[in-house]
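Trainee: This is what each chain is made of:
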Amino acid sequence: MTMQDIDYKKTKTRLDGRKMNELRPLSIEVGVIPNAQGSAYLEWGQNKVYAAVYGPREALPKHTANSLKAVVKVEYRMVSFSVPDRKRPGPNRRDQEISKVLGEALDHAIFTEQFPNTEIGVYVEVIDSNAGSRVACLAAASCALADAGIPMKDLVSATGVGKAYGEIILDLNKDEEDAPDAVDIPIAIMPNSKEIVLLQMDGPLTRKEWDSVAKLGMEGCMQVYEVQKAALAKKYEIGEALVNGKKIAKAENKTESKVENKTTDKKEDKKSSAKTTKKKVKK
Amino acid sequence: MKQIVIPGEIVSEERKRLGSNVYVLNGKIHSKVLGIIDNESDTADVVALKGTYIPKRDDTVIGIVNRVVFAGYGVEINSFNESFIPRKAMRQEAKLGDIIVAKIDDVNELKEANLSYPKKLYDGEIIQIIPVRSPRLIGKNASMLDVLTNGTNCEIFIGKNGRVWAKDGNIDLLKKAINFIDENSYKSNLTNAVEELLKGEKK
Amino acid sequence: MRAGILANEISKAVSLAREGKRSDGRALDEYRKITVSKDMCENAESSTMITLGKTKVLAGLKLTVGTPYPDSPAEGAISIGAEALPLAHAEYESGRPSNDEVELARVVDRGLRESKAIDFAQLCIKEGEAVWVGYLDFYAINGDGNLFDAGSISSLITFRNGKMPKLDKNNKIIYGEFDGKLKMTKMPLLTTFVKVGGKIMLDPTFVEEKAAEARYSVATTEDGNLTAMQKGVGGSFTLEEVNYMIDKAFVESEKIRKQIKNE
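First to last, the sequence lines map onto chains A, B and C. Heads up, the first sequence is in this note's numbering, so the first residue is 1 and it goes up one at a time. Heads up, the second sequence is in this note's numbering, so the first residue is 1 and it goes up one at a time. Heads up, the third sequence is in this note's numbering, so the first residue is 1 and it goes up one at a time.
Just chain A, same shape as in the assembly:
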């Protein structure tokens, strides 16, 4: 079956077995980098990212300091082996653009006026990727900031949403991004106020399609929010402490996404990377 033949309207399920409004498996663990003020490790589908926060600290070089508020500096980078074709070391233009939009998204959520003349350094590193690495990094960075104790109006929850193979879908994977009609829209919101702090799009959509996409995207962000919330609460569960009146399940180290989908390998396109025996990363 070639790409041209795939039609989600007919198959009703996606190449990896998910429903149209289903996220790939998402798990988050905070406090994984001891040297950082706050940190998080996040796995979302094949994406794996680390986020670390250093600050508020003295802004250097001095001319970057703002006497009215903290400067939020995000650096988005990918390790050379995080992509199918080796990425040469050093930031490229895509890295720069992503760093900028992530920084702007987080800046809106942080009470930066509380820390004039300082800088908050947020470093996100992608160690493995398969579409949606920037929203993965944003979700991780948001948790790292909370872990660091940095005052925020809200978390920032993000997801990819868009269209592929004739359907509006949530959280496109790489095979879907490569679809001939693919449109990928990373979107991030502050969950309580529903303010949109990141929004990008490449590809054509009709005005009507946009309405469905926007709605689905916001729902997807709320799903991500639930996982972020649980990951933060779990890190600091203290004995009998409760979250909203319910005891937090102890069992695993990581907080698994509520979305119970096991990606089935069977329908995966041959082009996607091989499923080697994937051992769980020990943090």
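Hints were generated in silico from the structure; no laboratory data involved. Hints should not be assumed to be uniformly reliable.
Unchecked claim - Subject to a maximum C-alpha distance of 27 Å in a straight line, what follows is the list of computed DSS-like cross-link-like pairs (lysine-lysine):
1) B/167 <-> C/21
2) A/174 <-> C/172
3) A/153 <-> B/56
4) A/174 <-> A/215
5) A/234 <-> B/187
6) B/28 <-> A/215
7) B/175 <-> C/54
8) B/28 <-> A/153
9) C/166 <-> A/174
10) B/111 <-> A/73
11) A/234 <-> C/54
12) A/234 <-> A/194
13) B/56 <-> B/119
14) B/176 <-> C/21
15) A/234 <-> B/28
16) B/50 <-> C/54
17) B/176 <-> C/172
18) C/12 <-> B/176
19) B/16 <-> B/56
20) B/176 <-> A/235
21) B/120 <-> C/12
22) C/54 <-> A/73
23) B/175 <-> B/56
24) A/235 <-> B/175
25) C/199 <-> B/95
26) B/176 <-> B/2
27) A/174 <-> C/163
28) B/167 <-> C/12
29) A/69 <-> B/111
30) C/12 <-> C/248
Chains B and C: place on chain A using the hints.
Mentor: Same frame as chain A, now just chains B and C:
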């Protein structure tokens, strides 16, 4: 009842006295940080689980000399800004890494703190805790501090900026006690529990 | 770590060292605990995460098809890169590789390359036309000293587990299909020491590296050979000290080989 809250989460839908780390939006009180609230309290206050020290007037703090220049010393007090002590304000000479105990005189809008009565502390060790835990280590009428001092035979100085300075005595035991307090900070009768812990270890 | 706090920690490390002690209670010739996880990065031909105490290093291998050097038409190549990510420590900066990062990569590279554990002829695809080039990059995720040995261990395990991608008839890589593994005939490992307060200690933490007057790394193989050496930082060593460290390195690296022999 104690509850964990995350940034943005609603702490109270009703009007309450406002404590630390909260903000109001559309009549509701939200948390600014990851922390613990007591939703039975009449104050909406979030105890941050982490965080740098925000200087307050009259707080006693323990600082470390981070910078030595002709005019004086840059002292790092676990906040995002250094405090500067002019050379003539210090009776003793200090060098990089020296430990200073001082009182916060006043704080400007940039959260920079002026220190008064700076005094050098000799030898000893610094134990780092989260700033919000400092009052617990001191206790009502310094009751916890007494228990710690007697139970470990250390000379102890507790800074409100999340630093404890200790000298002589059983410092490892003190660290153990501090960890214990950190993990059980929300429980009642903690002072007694710590006293028992220290007695037990002494044997 | 702010300058003042670091200065404190350094003087503590030095005074403890003079008594033959260390802040974490280790013996002078003791390694921290090492843990290994593999294959977490599916886009890599091989990946390894190592923890050495609190130091956390991630290494990964990408194999690409390249043209051979004219003077070695039937040999492939490897290239090793290192980055102390700003993620890993407040002091690590982003930007072009620092002198430390360059030294780190080159020392780990020499230890591996000079051991001849990888036969570059095995990396030949078509003589004069196409060869495999293996790019191994390792990254510090949390920096608490001794990125040298952590880099060396993670690189070794990563190379040993390298999957060779399948090629089509035009020698283009077929994604997701593999044929065989990279072969290594030996296990070269770096062992790093520092001199603090006049005493030699193995596997330094971040503070111990800062407190060091001098540093020495030596790469050894299990058949009793030395494959690389590097004296770093200022200071000096006596010949006796160097000989002591070399003998120690053989013993300690062998312990690590035992631990990772099935990795």
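Trainee: Quick one, are residue 176 of chain B and residue 235 of chain A close enough, alpha carbons at most 27 Å?
Mentor: Distance of about 21 Å is within 27 Å: holds.
Trainee: Are residue 174 of chain A and residue 172 of chain C close enough, with their CA atoms no more than 27 Å apart?
Mentor: holds (21 Å)
Trainee: Given the hint that residue 28 of chain B pairs with residue 153 of chain A, test it: the Cα-Cα distance must not exceed 27 Å.
Mentor: The given pair, whose Cα atoms are some 13 Å apart, holds under the 27 Å limit.
Trainee: Measure nothing beyond the straight line between the CA atoms of residue 234 of chain A and residue 54 of chain C; if it is 27 Å or shorter, mark the hint as holding.
Mentor: Given pair residue 234 of chain A, residue 54 of chain C holds - Cα atoms ~22 Å apart, limit 27 Å.
Trainee: Assess, step by step, whether the Cα of residue 56 of chain B is no farther than 27 Å from the Cα of residue 119 of chain B, and give holds or violated.
Mentor: holds (19 Å)
Trainee: Given the hint that residue 12 of chain C pairs with residue 176 of chain B, test it: the Cα-Cα distance must not exceed 27 Å.
Mentor: Between residue 12 of chain C and residue 176 of chain B the Cα gap is close to 20 Å, so the pair holds against 27 Å.
Trainee: For residue 175 of chain B and residue 54 of chain C, compute the direct alpha-carbon distance and say whether it is at most 27 Å.
Mentor: holds (20 Å)
Trainee: Measure nothing beyond the straight line between the CA atoms of residue 235 of chain A and residue 175 of chain B; if it is 27 Å or shorter, mark the hint as holding.
Mentor: holds (22 Å)
Trainee: Need the status of pair residue 176 of chain B, residue 2 of chain B: alpha-carbon distance at most 27 Å?
Mentor: Since the Cα atoms of residue 176 of chain B and residue 2 of chain B sit roughly 24 Å apart, the hinted pair holds (cutoff 27 Å).
Trainee: Holds or violated: residue 12 of chain C with residue 248 of chain C, Cα cutoff 27 Å?
Mentor: holds (25 Å)
Trainee: For the pair supplied as a hint, residue 174 of chain A and residue 215 of chain A, confirm whether the alpha-carbon distance does not exceed 27 Å.
Mentor: holds (22 Å)
Trainee: Holds or violated: residue 69 of chain A and residue 111 of chain B, Cα atoms, limit 27 Å.
Mentor: Answer holds: residue 69 of chain A to residue 111 of chain B is near 11 Å, not above 27 Å.
In this structure, only the earlier hint numbered 17 is contradicted, and the remaining ones agree with it.
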